[in-house]
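Protein chains in written order, with our numbering: chain A, 26 to 293; chain B, 26 to 293.
It should be emphasised that the hints constitute simulated quantities derived from the structure, not laboratory data.
Hints are all accurate, no fakes.
Here are some, though not all, of the chain B residues that point toward chain A, as calculated from beta-carbon distances under 7 Å:
1) A164
2) D166
3) S171
4) T226
5) L228
Bear in mind the structure is a predicted one, so any value in this text is a computation, not a measurement.
All C-beta atoms, glycine included, are put in the ideal place defined by N, C-alpha and C.
Protein chains: 2
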Amino acid sequence: MTRFALNSATTKHWPLPDLVAGCVRAGVDQVGLWREEVAAFGLDKAAALVSDAGLAVTSLCRGGFFADPGWEDDNRRAIDEAAALGAPVLVLVSGGLSEGSRDLDGARAHVGDAIGRLVPHAQAAGVKLAIEPLHPMFAADRCVVSTLGQALDLAAPHPVDAVGVVVDTYHLWWDDQVWAQIERAGRQRRIACFQVADWVTPLPAGVLLGRGLPGDGCVDNRRFRRAVDAAGYTGPVEVEVFSAEVWARPGDEVLDAALRGYRETVEG
Amino acid sequence: MTRFALNSATTKHWPLPDLVAGCVRAGVDQVGLWREEVAAFGLDKAAALVSDAGLAVTSLCRGGFFADPGWEDDNRRAIDEAAALGAPVLVLVSGGLSEGSRDLDGARAHVGDAIGRLVPHAQAAGVKLAIEPLHPMFAADRCVVSTLGQALDLAAPHPVDAVGVVVDTYHLWWDDQVWAQIERAGRQRRIACFQVADWVTPLPAGVLLGRGLPGDGCVDNRRFRRAVDAAGYTGPVEVEVFSAEVWARPGDEVLDAALRGYRETVEG
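Isolated chain A (complex conformation) (with noise of 0.2 Å):
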């Protein structure tokens, strides 16, 4: 079986069940999913529709923001809901700063704190926390933790069943401590996902939309494979792609697209 998995975000466009059908017929058995979509179709009807195809959800995007109001509250239905739809994992992308702030360091304490805090929920749930590093460009608005290093260190303090790390490539092959913080991770078993995308330029406005799918950029994302499965990781290979021009593709278009650049810059 492939280690593929189908990332939700990569065919933002897809409707759930032809995503589900779409993944069936490709021979693709384990999809990543974000809240809203999940929210939108029903939380239950979602969680039936993918069991029924025999897909496994292999994370949930995504808990974090902690600087916002609110924040514990939605934590927890947020956990709630991987648990529900059978997703081991919970993704964390841990927001910026609060508006007007300077205090990046305070911004990653209380990032720590707040994971604190929901771990008790995560276990009782049987749902991993996984803390992902943003690329430093997102470190104002949507992000403080921007390395590898950084989000090892934040979930250091707790229990390794309850918390782990997103590799993406997308947001860490600039870092040349990646390496040595892979084989760390490995080490305190923290790895939890591992997603991989392409790096593009020009960014365009706003620098969300911007990924490519793996082949498309200069990501060695098969040196980034290889150095997860090095470090004790056996689990999926997520492709998520945030791109506004692959999301006006056709659906099975980008999936075999997808798949293509899987085989030929990621797997082997």
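Let chain A serve as the given structure and place chain B on it in line with the hints.
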């Protein structure tokens, strides 16, 4: 005297004679210059204009782009231009990956080799080569040197009088290791240039022209200024802002705003 220096990139469309006159009016006696504008005005004329007005040239931007054909001749010329202007420092923006390459380690190693080739010429000219780490969002297409730690590693094999580093807060503000690296840079006497700007979101397309004047964003510029001071740096503080919005304003007004931002959020 103020340590404030105006980097001419901040007032991109201000003709050099107006910029010089504006600095004199504002009591600013230090400027950082760019090669393109100096060349357009004429190197010797520019040197005389600035010197006759009693201004010091703090740095010349930029050498580097070591992946480009002809990089060596071009960098030798840049060193000569810095010497002609009396600029003690040539800022190096090291360039991105070669077309189609995914070999970031190789590109970084090439930067080190290239700088080594330039050292004798820089020493003979009395110009220090200052390696500037750029924000990781520029790693693919503008500068493969992304952290102060990497810049110091690249500088390490070379004599202190010939090779230093640039500390630019816009590029480094997100990095939790930057404080330790600034201390290291001080111990190793490598801080050749200190530049400040601010981080504002959303980033524009291409991400080059989205900086803010000091005080307009989320960078703790005062913490950086204190850190470089504590590391033994006593040189100028260049305000260097690339911003389409700032560039649309009159030069005098921008200089006033930059000085105000400097006084309120950088010095002290």
